[in-house]
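Visitor: Residue strings, one per chain:
There are 2 protein chains.
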Amino acid sequence: MGWLRVALCQVDAVVGDLDGNVRRVLDGLERAEELDADVALFPELVVTGYPPEDLLLEPEFVAASEQALAAVAASSGECAGVVGYVADSAGLRNAAALCWRGKVRGVSVKELLPNYGVFDEQRWFVPGAGDSPVYRIGGAGVGVVICEDAWQPLGPIGRLAGAGAGIVLSCNASPYRAGAQAERQGILVQRAVESRCAIAYVNLVGGQDELVFDGGSLVIAPDGSLLASVAQFREDIVAVDVPFVGDGPEVRPGLVEVSGARHRRGGASPGTITPVLGGDAETYEALVLATRDYAEKNGFVDCVVALSGGIDSSLVAAIAVDAVGASRVHGVAMPSRFSSVTSLADATALARNLGIELIEIPIEPAHEVMLGLLAPSFDDRPPGVAEENLQARIRGTLLMALSNKFGWLVLTTGNKSETAVGYSTLYGDTAGGFAVIRDVPKLLVYTLVAYRNAQAGRDLIPEQILTKPPSAELRPDQRDEDSLPPYAVLDPILEAYVERHATVDELVAGGFDAAMVRQIFDLVDAAEYKRRQAPPGPRVTSRAFGKDRRMPITNRFRSGGPPGGRASP
Amino acid sequence: MGWLRVALCQVDAVVGDLDGNVRRVLDGLERAEELDADVALFPELVVTGYPPEDLLLEPEFVAASEQALAAVAASSGECAGVVGYVADSAGLRNAAALCWRGKVRGVSVKELLPNYGVFDEQRWFVPGAGDSPVYRIGGAGVGVVICEDAWQPLGPIGRLAGAGAGIVLSCNASPYRAGAQAERQGILVQRAVESRCAIAYVNLVGGQDELVFDGGSLVIAPDGSLLASVAQFREDIVAVDVPFVGDGPEVRPGLVEVSGARHRRGGASPGTITPVLGGDAETYEALVLATRDYAEKNGFVDCVVALSGGIDSSLVAAIAVDAVGASRVHGVAMPSRFSSVTSLADATALARNLGIELIEIPIEPAHEVMLGLLAPSFDDRPPGVAEENLQARIRGTLLMALSNKFGWLVLTTGNKSETAVGYSTLYGDTAGGFAVIRDVPKLLVYTLVAYRNAQAGRDLIPEQILTKPPSAELRPDQRDEDSLPPYAVLDPILEAYVERHATVDELVAGGFDAAMVRQIFDLVDAAEYKRRQAPPGPRVTSRAFGKDRRMPITNRFRSGGPPGGRASP
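Here the protein sequences line up with chains A and B, keeping their order.
Quick note: the first sequence, position 94, residue 94 per the numbering used here, numbers continuous.
Just so we're on the same page, the numbering used here is the position in the second sequence counted from 1, plus 569.
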């Protein structure tokens, strides 16, 4: 048994930043050489960033990807680099080249192209033909696979093992969702054991619009044991001595010879295992990284959050502070005639705890004037949703004015429960650039606040914000529970429908009230038009709104059939 | 040579309206029997509507599709019906069943699944295995293909012809874009000639979110000549006597026998050809149908449009009137301190010409109050974009208040040129439910207005609206040309970049100024975040924003390289 030193280069490649990504790769190769690594392994499509989406339809972008790869190859030295890029070869290919001593030595092409969930790879790519090379590096047989390729039993990894690979290098851009890391590790253990290969798995890290990549790169031994893992949610380059079974392949035709003479035997260093964060910590870190990267990659220095004194905006403000620092976060309190006496006090206490600026703009003068402007049209009709939304839209308008004047990124504060049922005002509280918690259900909002307070060792988010009943405060004594079931009832129903495709009938069979379930499903269906105009926010659950759930707006389908039962034609 | 009477059932199936779609099919079958047709042909996925998108991931929806097909089959009589539905058979299939005398007689499955442009069919469907049956109907050999299947030379149609089909029935949901009908006809002529089959092609008609289906169903003879065509942009059921070469297949194993004995020879009626509208008429009708269907399918009775006195809002108002009727369209004029003296007069003249209500709400009181609320934060900074956008957002807020109070659908008025370069205010003029002309470039706005005026035989849209220079009127004496090149320069650049993937270098080589082209490309790239929050609007060009062009928001790629040339790493 020999081993190979593999540098897991868990970098935050930026979509479209080809020059920057080339620098990231060359820096990684340099660090890998310092670590005396034989191979440096980078994430999927590292030179373009992931997912490049329809940039792939621009020929100039594809040419730039190939130029970037050539630049990396030309600068490669003694440590081989496995570098993901877009290859233009009888169609576009999601590829990874092995670069060594100034040249590309071979190219592996992704064979299994995911086209479900948040993935659209069949829109752009042609699959590999299954003829990726096996390299001989330091005496070891080494194959390269890309992301989804590792997910098929006896698939590409099995074939590479059969062709002499004892170590498989896996380039990935696998987005975060709760539980993803455990699932990945389980899959890789299966592949390692069935193929008797060690697997070095490098994942992308960083936020990209609706996705956040969690890193968590790892190495699995041929017996399925975890040899090493890298921290989640941050960049790192870690060298791991990766063992392989047997003596490695003999030199033979079809095998690509790379530093073949440099055998490593005995004396392998044990790898370091970084525990998986899991649970609330993991979700919280995902939200922080997603927010930081959205701001920084889009050129924002400061963020602004409307602070209502409620728990959603408090959580968003705390995340913003952890993402970009308190001095770069601005709170805005915009009380109305319906704001409770405690709301402003709570917002003030929160801002003080977080150490952020608080701007106060009472909206009453604008509210009154606009009601007056509308009065001739409204003509003594009783007040309702129009008047309620008016206040939220005045707030959205003021917040956007601050954003326009100072270049601040507006973070919206709607949670997943509200987003699901449309309990929000379009162009009001939904107005902004990044929807930090739009995939966080309300009950999880509470949990994350409790987690953050526990982590701080104090009530960073004041206790009274956690205990008061949720309210939009758009009419006197309004409570969320006037319009919606309690979140302890609502959230499980939403999770069942949105994440698990449950039907009205299934939920009713599970003991929920039929009329209530039907009402909630109808609210979710009817709010699609609002979600379509909402800003992007990071996915953290198993199924988010946005590119993960592509429902038509115009849609007459209703689970459980139309009211009165499904009519026969 | 014999013939078969085929009823082209060009219906407006509604996504998710399974009961309604079953009724549409049964009504079509009844009409087809009245017309003494042998076969009634319906559009692709007629029982679910197209595209059902992620409804396809809901098992209840798939089951409902199969139930709907069973209901149609049970009611089918002497006239066979070719009915598109979703089949659940080792994965989901985009299928069309032939129903006759109470039963399903065979199922054809789509083989070529488009996954480009606005299409995502590989997200949901498994392709057919190429074993669709050949039926014998009235002595003719008949095969069925679905949409994309007709686009491959010697593909599914060639195989069906080889297996005895003399007539191919083609079910389609092919969305409109300029020139689509000519392209379709050209493709079908090729298929007919190469296979020696007649092709009866039925297309869906109606609006669905970002798509509008134009109908234009047609029949091509085996020699490639056009036998009959149906009008575009409206429902119709037309019977055509479709000839086939030879005597039709003998009864043999593998051939599905359907009304085999009912030979038709001689006496075929000539078909009626409805000329393709083409040009501006076609685009205009597409916009009208898209607007009418978005409103009606989403339950809106009335529409509301902000009338600035400019040409964009004038065109949208005219389209709205043609879509839902003048009594159901409400204009709102919201002059500000910067509105020119003629703006309100022009809006008033337009409303009078169109016969629509005009509500007048001067925004000055709200404008002044909100500037006052912001003054402590803005702190004597010079006025700029923040103050400009404020006015647009006050208008958006007032318009949405009217929408909330009266249930009116807000139609936004941004054209494609503005949408491309981000010359719009998010939550201001982009606020609304349907963006009627978001795929219409500014120069085409002028053309369409001229077309509509010519059609009316008078200046329905007053002459002065066509001749005044475009202005957002958000600061004194503002003109679009202060910020942008003249539209005669801008539009061709945008068309080249957005629709044809042109590069900065190519446009500069074509004689455009380098700095200007680069600025425009940068504006387009930077406005992606605004477009992501814009309401849906119908595609009419070869490539629209929205699902047709899926660019990342976070994106550092710049055509022509970064300023100063592409840096070497």
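Wrong hints could be hidden among the right ones.
[Said to hold, decoys possible] Interface residues of chain A toward chain B, partial, derived using beta-carbon atoms under 10 Å: (1) 102; (2) 532; (3) 552; (4) 560.
[Unchecked claim] DEER-style ranges, computed between Cβ atoms: (5) 451(A) - 1085(B): 45 to 55 Å; (6) 683(B) - 508(A): 35 to 45 Å; (7) 639(B) - 193(A): 42 to 52 Å; (8) 700(B) - 126(A): 22 to 32 Å; (9) 508(A) - 657(B): 56 to 66 Å; (10) 639(B) - 254(A): 48 to 58 Å; (11) 511(A) - 952(B): 39 to 49 Å; (12) 659(B) - 511(A): 52 to 62 Å; (13) 451(A) - 683(B): 38 to 48 Å; (14) 263(A) - 657(B): 53 to 63 Å; (15) 486(A) - 934(B): 51 to 61 Å; (16) 486(A) - 700(B): 50 to 60 Å.
Read the hints as simulated data drawn from the structure, not as lab findings.
Since this is a predicted model, take the numbers as computed values, not measurements.
C-beta: ideal position from N, C-alpha, C; glycine also.
Visitor: Does each hint fit the structure? Answer for all of them.
Guide: How the hints compare with the structure:
no., hint, in the structure
1, 102, "violated, 14 Å"
2, 532, "holds, 7 Å"
3, 552, "holds, 5 Å"
4, 560, "holds, 8 Å"
5, 451(A) - 1085(B): 45 to 55 Å, "holds, 52 Å"
6, 683(B) - 508(A): 35 to 45 Å, "holds, 38 Å"
7, 639(B) - 193(A): 42 to 52 Å, "holds, 46 Å"
8, 700(B) - 126(A): 22 to 32 Å, "holds, 25 Å"
9, 508(A) - 657(B): 56 to 66 Å, "violated, 23 Å"
10, 639(B) - 254(A): 48 to 58 Å, "holds, 55 Å"
11, 511(A) - 952(B): 39 to 49 Å, "violated, 60 Å"
12, 659(B) - 511(A): 52 to 62 Å, "violated, 34 Å"
13, 451(A) - 683(B): 38 to 48 Å, "holds, 45 Å"
14, 263(A) - 657(B): 53 to 63 Å, "holds, 55 Å"
15, 486(A) - 934(B): 51 to 61 Å, "violated, 41 Å"
16, 486(A) - 700(B): 50 to 60 Å, "holds, 54 Å"
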